[in-house]
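J.: The sequence shown maps to residues 1 to 385 in full-length UniProt numbering.
Fair warning: there could be bad hints in the mix.
Stated by the list, open to error - DEER-style ranges, computed between Cβ atoms: (1) Ile111 / Leu78: 40 to 48 Å; (2) Gly358 / Gln172: 58 to 66 Å; (3) Ser122 / Glu262: 44 to 52 Å; (4) Thr215 / Ser343: 34 to 42 Å; (5) Pro168 / Glu262: 49 to 57 Å.
Worth flagging that the hints you see were computed from the coordinates, not collected in a lab.
Cβ atoms here follow ideal geometry from the backbone N, Cα and C, with glycine treated the same way.
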Amino acid sequence: MDLTSQPCSLKDDSINLKVIDHSGAQIDEIDNLKEELEKWKERLEKAEKQKDELLLLKLSADGKRDQTQDELRKLMDLEEEQCKESMIKKENQERNLTVVKQQNIELRREIQKLKDDLAAKSSKLSQDFRIKREIPKKKMKFTRMENAESDDTFLNTCCLFHIAAKIPFRLQQRQALLTFEEEDVAQKLIRREKHTVSLDNEKIELKAMPVTLETGVKFELHVTISGEKINVSEVPHLPIPDEWIRDKIELNFYKSKQGGGEVKDVRYDRRSRTAIITFLKPGVANNCVKCTKHPFCINEKCFMLSVSPSIEKHLEKFQIFSGISKRTILLSGIQEVEEDEESMQDMIEIHFQKPSNGGGEIENIRYVATGTKLAYFEEDTENVA
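Please build the complete structure, drawing on both the sequences and the hints.
T.: Next comes the structure, spelled out in structure tokens:
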């Protein structure tokens with residue numbers, strides 16, 4: 001051992017080296033830990049931020065949820081309210097529908113009743129205003145000639161009828177109608193009203209009333225019988241055009257040997273199976289209507305056509321009137337007696353003919369003992385001023 005040499009350290013290099021290495025590793029580890037700590041801090045900060053954001057989102061979501069629940073609750077309440085209103089409306093509509101149906105039923109009944117009343121009144125009016133079609137035969141004589149406006153007028157026969165319908169009055173059982181010659185007599189008896197009459201040794205009280213008549217009509221009927229036209233009916237149905245049938249009819253009535261002549265015009269109607277023929281010459285129409293049936297041969301078949309005069313009719317001065325018969329009285333209150341109808345009528349007539357009883361000359365009298373009878377009134381033209 002060299003004592004002069006520098007004293008050597010007791011440290012072992014290998015040991016010191018190991019210490020140095022261990023300290024460096026610790027430092028690195030500490031640095032790593034610090035870095036990792038920083039990272040975790042950053043992560044923690046991020047997590048805290050995310051947590052805060054999530055909390056904010058949660059709070060926002062909770063607010064929206066509460067708002068949505070409130071809206072849902074309101075919608076449910078609104079739906080329930082609307083459902084109730086709908087039920088109420090439905091009940092009201094059903095109630096109104098029931099009322100409308102009932103009103104419709106009542107209206108139908110009322111309409112049917114009105115129809116029945118209208119039919120009854122129409123039937124009654126048709127009976128009241130029914131006029132016989134047959135015009136009574138009249139002897140006519142030529143009086144004078146008039147200047148015609150055109151040559152066609154000479155071909156026609158014109159007639160004018162003044163028609164006044166008789167007004168019916170139903171006379172009930174044990175009633176009498178008396179028509180006096182003087183209006184004043186009837187009116188005095190009506191004003192007096194009650195009359196004591198001796199019938200069959202018994203005095204009875206009769207009531208005199210005015211005769212209220214139903215509605216009557218009067219009018220002028222103008223009739224023109226054409227001298228150049230005739231009506232043809234019962235034209236057969238044939239599977240040929242209308243123009244051909246029209247030509248066949250014209251040719252058929254063109255023949256003079258059948259009373260025809262030159263034809264001016266033919267109007268044919270397939271539906272009614274009729275035709276109107278107009279001739280050129282006067283007198284041809286009169287010759288044709290002398291025979292009511294004319295043969296009509298076509299396609300090797302023969303038919304019979306009905307021929308009649310062409311008559312035009314129209315009404316003028318149509319008047320509807322109603323009133324009270326001023327010369328007639330209605331007696332009621334006649335009691336049943338043993339006398340027959342004619343004897344009772346004679347006794348009533350004798351009583352009301354006497355001026356002492358307020359009566360006068362009787363023009364007509366009618367008494368009904370049993371049942372009912374119709375009396376007819378007509379216009380009093382003789383006493384019209």
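J.: Honestly, which of those hints from before does the structure not fit?
T.: 2
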